[in-house]
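From just these sequences and the hints, can you work out the full model?
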Amino acid sequence: DAGVIQSPRHEVTEMGQEVTLRCKPISGHNSLFWYRQTMMRGLELLIYFNNNVPIDDSGMPEDRFSAKMPNASFSTLKIQPSEPRDSAVYFCASRPLDGTEAFFGQGTRLTVV
Amino acid sequence: EDQVTQSPEALRLQEGESSSLNCSYTVSGLRGLFWYRQDPGKGPEFLFTLYSAGEEKEKERLKATLTKKESFLHITAPKPEDSATYLCAVQSGGSYIPTFGRGTSLIVHP
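For the protein sequence lines, the chains are V and W, in the order given.
The first sequence begins at 9 in this note's numbering and counts up one residue at a time.
The second sequence begins at 2 in this note's numbering and counts up one residue at a time.
No lab work stands behind these hints, which were simulated from the structure alone.
Cβ atoms here follow ideal geometry from the backbone N, Cα and C, with glycine treated the same way.
Incorrect hints may have been included.
Cut-off 27 Å, straight-line C-alpha distance, at most; resulting in silico cross-link-like pairs (DSS-like, lysine-lysine) [said to hold, decoys possible]:
| id | chain 1 | residue 1 | chain 2 | residue 2 |
| --- | --- | --- | --- | --- |
| 1 | W | K60 | W | K43 |
| 2 | V | K76 | V | K32 |
| 3 | W | K43 | V | K76 |
| 4 | V | K86 | W | K43 |
| 5 | V | K86 | V | K76 |
| 6 | W | K60 | W | K70 |
| 7 | W | K64 | W | K80 |
| 8 | W | K43 | V | K32 |
| 9 | V | K86 | V | K32 |
Sample of chain V residues at the chain W side, in silico, Cβ under 7 Å [said to hold, decoys possible]:
| id | residue |
| --- | --- |
| 10 | Y56 |
| 11 | D106 |
| 12 | A110 |
| 13 | F112 |
| 14 | G113 |
| 15 | G115 |
Here are the in silico distance ranges between beta carbons for each label pair [said to hold, decoys possible]:
| id | chain 1 | residue 1 | chain 2 | residue 2 | range |
| --- | --- | --- | --- | --- | --- |
| 16 | W | E71 | V | D64 | 24 to 32 Å |
| 17 | W | E16 | V | M23 | 42 to 50 Å |
| 18 | V | E26 | W | E71 | 37 to 45 Å |
| 19 | V | K86 | W | H110 | 37 to 45 Å |
Dropping the structure here:
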């Protein structure tokens with residue numbers, strides 16, 4: 009398996025623009041997580057899906073952030089409008105039904121100028 | 002609320018100089034404690050899962066141990082390629098979400 013695949017790897021955008029990050033989880037995994045990593049705050053959970061259903065979105069900063077999982081093989085994280093403070097590395101991770109450990113993608117480095 | 006504290010924040014070792022990284026945790030019913038390795042510009046790479054106090058796991062020069070309050074990642078005779086940030090995470094029985102510590106940045110000098 010190719011592992012968790014995220015795209016793009018790098019994104020530079022201007023403040024106010026819409027940004028969409030994409031994730032393809034490992035085939036057969038039924039849990040999906042979106043995390044954000046910064047030097048100041050480390051790895052923070054944004055949202056957790058189980059069987060394509062959002063279970064916990066308490067980490068989503070505000071209404072500017074939204075996430076979807078239309079099927080078991082694809083998820084998106086959208087920021088609209090983007091702000092400089094959204095600059096961070098965003099990770100997607102997936103976990104199998106009978107597992108406890110999550111497997112991470114390579115991340116998307118977002119820079120909002 | 003699950004809490005994870007890792008120490009030290011940064012550690013510099015000479016090649017061959019063994020040491021340990023600490024992960025202290027507070028959780029309501031431990032479902033699993035995880036260790037990950039993260040290289041610059043990459044995603045966290047899974048290393049170990051520990052489930053109960055007294056459990057130990059090894060992989061090459063790394064050995065992870067677990068008590069009821071903390072976990073240690075022992076690095077024996079490290080090499081420069083062991084340089085990375087090591088992350089600890091916990092998951093409680095009532096939650097399906099891993100909570101991460103801030104990590105320990107390890108540099109091994111040749």
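Evaluated hints:
About 20 Å separates the Cα atoms of W:K60 and W:K43, which keeps this hinted pair within 27 Å; it holds. Under the criterion of a C-alpha separation no larger than 27 Å, the hint pairing V:K76 with V:K32 is consistent with the structure, at around 12 Å. At most 27 Å may separate the alpha-carbon atoms for a hinted pair to count; W:K43 and V:K76 meet this at roughly 24 Å. Between V:K86 and W:K43, the direct Cα distance comes to roughly 21 Å. Compliance with the 27 Å bound is thereby established for this hinted pair.
Only pairs whose Cα atoms come within 27 Å are accepted, and V:K86 paired with V:K76 is accepted, the gap being roughly 9 Å. Between the alpha carbons of W:K60 and W:K70 the distance comes to roughly 22 Å, so the proposed pair stays at or under 27 Å and holds. Restraint check: the Cα-Cα separation between W:K64 and W:K80 comes to about 15 Å, which is no more than 27 Å; the hinted pair holds. A hinted pair counts as satisfied when its Cα atoms are at most 27 Å apart, and W:K43 with V:K32 qualifies at roughly 16 Å.
For the proposed pair V:K86 and V:K32, the alpha carbon gap of about 15 Å is at most 27 Å, so the pair holds. The interface hint given for V:Y56 holds, since its Cβ lies 5 Å from the closest Cβ of chain W, which is under the 7 Å cut-off. For the restraint placing V:D106 at the interface with chain W, the shortest Cβ-Cβ distance is roughly 13 Å, beyond the 7 Å limit, so the hint is violated. A cut of 7 Å between beta carbons decides the hint on V:A110: the least distance to chain W is about 6 Å, and the hint holds.
Because the beta carbon of V:F112 sits about 4 Å from the nearest beta carbon in chain W, less than 7 Å, this interface hint is met. Contact between V:G113 and chain W, as hinted, is supported at the beta carbon level, the nearest pair being about 5 Å apart and thus within 7 Å. Of the supplied interface hints, the one on V:G115 holds, with its beta-carbon coming within about 5 Å of a beta-carbon of chain W, less than 7 Å. Distance hint check for W:E71 and V:D64: the Cβ-Cβ separation is about 26 Å, which falls inside the suggested range of 24 to 32 Å.
Separation of W:E16 from V:M23 is about 45 Å and conforms to the stated range, judged on CB atoms against 42 to 50 Å. At roughly 44 Å, the beta-carbon separation of V:E26 and W:E71 lies within the given 37 to 45 Å, and the hint holds. For V:K86 and W:H110, the Cβ-Cβ distance of about 43 Å falls inside the hinted range of 37 to 45 Å, so the restraint holds.
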